[in-house]
Amino acid sequence: MPIFRTLRNLARNLFLRGRVRREIDEELRGALAALEAEHRAAGLSHAEARRAAAIAFGSIDAIKDRVGDARTGASLETLARDTRFALRLLRRSPLFAVFAIASLALGIGATSAIFFLFDAVVLRKLPVPDPDGLVVASIGRSGGTGGTNNYSLPYPQFEAIAARSRLLDGVFAVNPMGRVNVAIGGQSESAEGLYVSGEYYRTLRLAPAAGRFLAPDDDRGGRAVAVLNYDYWQRRFGGRGDAIGGAVTIDQVPFTIVGVEPAGFSGTEVGRPYDVAVPLRTSASLSEEPPLWNRSAATWIYVMGRLAPGVTLTAAEQETQAIFAEAGLAAARSASDQQFAREAIWRLEPGARGIHSDLRQSYGRWLRLLLTLLGAVLLLASLNVATLLVARTDARQREIATRLALGAGRGRVVRQLVTESLLLALAAGALAFALAVVGSRALLGIAVPSAEIVPVHLAPDARLLVFTFAASIATCLIFGLVPAIRATRGGCLNAVRQVGGAPGRRLLDRVMVASQVALSLVLLVAAGLFLRTLDRLWAQDPGYQRSHVLMFSIEPRLAGRRGDEVPRTYRRVLDAVRGVPAVERVTMSAVRPISRNYYFVTSFRELGAITLPPERRVRVAFNHVAPGYFATLGVPLLAGRDFDDRDAVGAPRVAIISERMARHFSGSPIGQRLGAGSGAREVVGVVGDVRYARVKDQPREVVYMPIFQMAPRDIFYTPTVEIRGAAAATTLLPAVRDAVTHADPAITLFEVKTLEAETDESFAQERLLAILSGYAGAFAVLLAGIGLYGLATYSVLRRTPEIGLRMALGATPSAVRRLIVRESAVTIGAGAAAGLCAAFLAVQLLRSQLFGIEPTDPVALAGAVAVLLAIAAAAACIPAVRAARIDPLHALRLDT
Amino acid sequence: MAKGDRAALLQGTLDLLILKALSAGELHGLGVSRRVEQITGGTFQVQPGSLFPALHRLEEAGWLTSAWRSSENNRRAKYYALTRTGRHQLGHETSEWNRIALAIARALET
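Chains as they are written, first to last, in the numbering used here: chain A, 1 to 896; chain B, 1 to 110.
You may find that some hints are simply not true.
Said to hold, decoys possible - Distance condition first, Cα-Cα at most 20 Å in a straight line; then the derived EDC-like pairs of lysine to aspartate or glutamate: (1) A:Lys64 - B:Asp15; (2) A:Lys64 - B:Glu59; (3) A:Lys64 - B:Glu60.
To be verified - Facing chain B, a subset of chain A residues (Cβ under 10 Å, in silico): (4) Ile24; (5) Ala34; (6) Glu38; (7) Gly68.
Unchecked claim - Over the 12 Å line for every Cβ pair with chain B, so calculated as not near, a few chain A residues: (8) Leu28; (9) Asp69; (10) Arg202; (11) Arg240; (12) Glu349; (13) Leu431; (14) Ala874.
Read the hints as simulated data drawn from the structure, not as lab findings. Ideal Cβ placement from N, Cα and C applies to all residues, glycine included.
Whole structure, please, built from the sequences with the hints as guidance.
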């Protein structure tokens, strides 16, 4: 009943507001009149009776307020009234409203967009029940606690732990298959595959969206069954139920679809979603390499588990550590296996966010940096709006003073002022949310340019909503509350006295604008450094000629080719491309000049006559290349010869080394041997140094081996064909595609890209940093400029009578201009000096993101200062010029 | 200041007195004030600034009903009367008050 009554009261007070108010008024006036009548009856005169009644009664309006406050929904009504009032005020100054909302929305929107990415990549937990119970396994080395853990593990130990652990309620292993060829009903396309062990779904506690999941039996028996990811099911089967039980061919092996994963789940590794999951044991039939089931020192699976209820991570770790060590020794088949078993230590860590992710690793730090950067912009936008709000409350000082004098409570006035800020916050928050959703997609596109599948889910969610609106409201509360409290401080008398400008107010204004100048300088310096970094990256000499090179990859194994058929297909493709007009040279390599996929490293101790001790062995990057590789890429051949058709399987094993590698030999390396035993090769050539696989890396020792000398089982990669053309690389593509299809219709070209485009994409992080910091810097300096302009304009307005007097006494216009500019110059100077100091500290944090320049790069610093001064000068000069045009007669007549 | 303190202290007392004043029959606002003064022997003089908010609060709580009627000198006035829950509440508050008054009296005697 009380709730019903409350609602009825509320409805009556809100919807029949006018009537309720009229009734209160009538009741009170009636009572006053009755009191007056009593006094007259007691013999007082008309005027005396009225006076006595009024004194006894007090202010009718005050009582009305108190009655209104006693009624249900009073605060709601006040809120509605404040909102209407605030809206009316904002409508009267649309420029202020638009500017405040836009600058807040841009600041908050950009920050939210980055937060959205940061959340998706770094913070978010796996979308499974109770993610906090999950753990991730890794291997550390005994002896050192430092160093990075290895997250890939050997199979026999995993199997032993899965069978014997009591404290883990489920342990599973996964291994990415990479790109696989999936054929459904004769239609084939490439998809991302994942091997999972039998306990995968049970441990994650997922429920299938359709059909069933893989069970331990499926894995043990190596049954050819597959589970589809929800998105893939939607994309490829339109979410149809009859997909279950259907046949699918993965890399020529037939599988049966048994189920579909729940929507929103995309695996345990952030940034690596997959389309189809198959039992781990089926890798025996899918992969050409011999299975590693019994190899206790071969690390290739990723392992996660779930703690049994009530078990701590430490307890589970101790238990499984013992099993791991024991199983490792038991399964060891060689001395090196035993050494591995003794040195390797099993570790568990919290796994709510899934297994180790390359994406998280490489982007996490960087996103944090961006978040800081844009947080600074947000701070700046807030400062700006705060300055405006202070100016506004100042302009309303007379109104506020009057309201205080008429008996409005201070809390009441503050509440009204804050309502206005909150309105701004809500409008800005809504805009910022839209901006964040659109912006984060665009950012992801720039950050990961060539992703075939969007690597992270970016569906707008409650977390983003909460972040955006919390940021907006916090910003506005802090920066709206301060001016409101200041304006009402000291009661009505003080407020009335302060009309015309408070003495402390001008200093606060200057400090706020100066800090905007400082902050924008820091952001400009950061932008300058990142732009310079991008510039330096392009200016690096990679050791090869980047222009006019077209690349694509081929994988004959996707077409079912095995063994010798694989290199034979390579040759067929190379010959076909060579016949295309306008193709000058064509070759092939395992690793692209810029490669996201591969980075092959090995080491050598035997260099001709020299044999190095193990600790001084030369670590080298290596590549398998076809004849003509160096000529195609423009890498100079310094000595000896290139590979040619003689260097085939069975011929003497040869190698070409980079100049830097040649220095490790004594005398000319040509003809000397590299390596020992059956792996030894004769050095036949020396080529110029290159930046292997990445432009940012320093040139290093590189060893090249002829790809056609490799046994097919040693070709464990998908090679790339490189083409140098006479014309722009992309114009060659149609003819090249035709030629390949003509030579072998089963071969498809993928990752088709020019070397320039590949280089460009490899700078994606740097470019995004440059773009975003540029955005931040430009926005910041614009805001600071507006702040300065506003300050100077206000100052001119305030000093108009004084200026008029000066001019009347003979001051020249240029003297007046100097007067106003000098005032701004002090603010700018103080801000710039503080900004430079802050920048010197801040840029040290950026050091790891820079390339080829120091954090104190003079060009970036000078550029930033120049841009800031140009904007600041413009902002200061316009009001100064206006001041010089003041008509002294008019100014003196102004009443202050 | 002292006046404000007393108002706060006597908040619950004011409600009780209003309910008591109305227990004999319906009254308009000023009438309630007079009756309170009368039954407390002039100790409590309820100011309009406290009286009217309290009347509206009690009405919204469902303890009072009100009706517009013409008063003794032919003026429209709002008359308040106890509801059934209001009468119940008066009984409850009276016994509560007696309990507290007794307890305080005892405490002061010792």
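Taking the hints in turn, this is what the structure says about them:
1. A hinted pair counts as satisfied when its Cα atoms are at most 20 Å apart, and A:Lys64 with B:Asp15 qualifies at roughly 19 Å.
2. Proposed proximity of A:Lys64 and B:Glu59 is supported: the alpha carbons are some 16 Å apart, at most 20 Å.
3. A distance of roughly 16 Å separates the Cα atoms of A:Lys64 and B:Glu60; the hinted pair therefore holds under the 20 Å criterion.
4. Taking 10 Å as the C-beta cut-off, the interface hint given for A:Ile24 holds, the closest approach to chain B being about 8 Å.
5. For A:Ala34, the shortest C-beta to C-beta distance to chain B is roughly 5 Å, which falls under 10 Å, so the interface hint holds.
6. Residue-level restraint check for A:Glu38 holds (minimum Cβ-Cβ distance to chain B is 8 Å; threshold 10 Å).
7. Interface restraint check for A:Gly68: the shortest CB-CB distance to chain B comes to about 9 Å, inside 10 Å, so the restraint holds.
8. Its beta-carbon lying about 7 Å from the closest one in chain B, A:Leu28 breaks the requirement of being farther than 12 Å from that chain.
9. For A:Asp69, the condition that its CB be more than 12 Å from all CB atoms of chain B is violated, with the nearest at approximately 7 Å.
10. Remark: the non-interface label on A:Arg202 is consistent with the geometry, its nearest Cβ contact in chain B lying 58 Å away (cut-off 12 Å).
11. Look at A:Arg240: its CB is around 60 Å from the nearest CB on chain B, clear of 12 Å, so calling it non-interface holds up.
12. Interface exclusion of A:Glu349 from chain B stands, the closest Cβ pair being 58 Å apart, more than 12 Å.
13. Against the 12 Å criterion, A:Leu431 stays outside the reach of chain B, whose nearest CB is about 40 Å from its own CB.
14. Every C-beta of chain B lies more than 12 Å from that of A:Ala874, the closest at about 57 Å, which supports listing it as non-interface.
Hints 8 and 9 from the earlier list are contradicted by this structure; the remaining hints agree with it.
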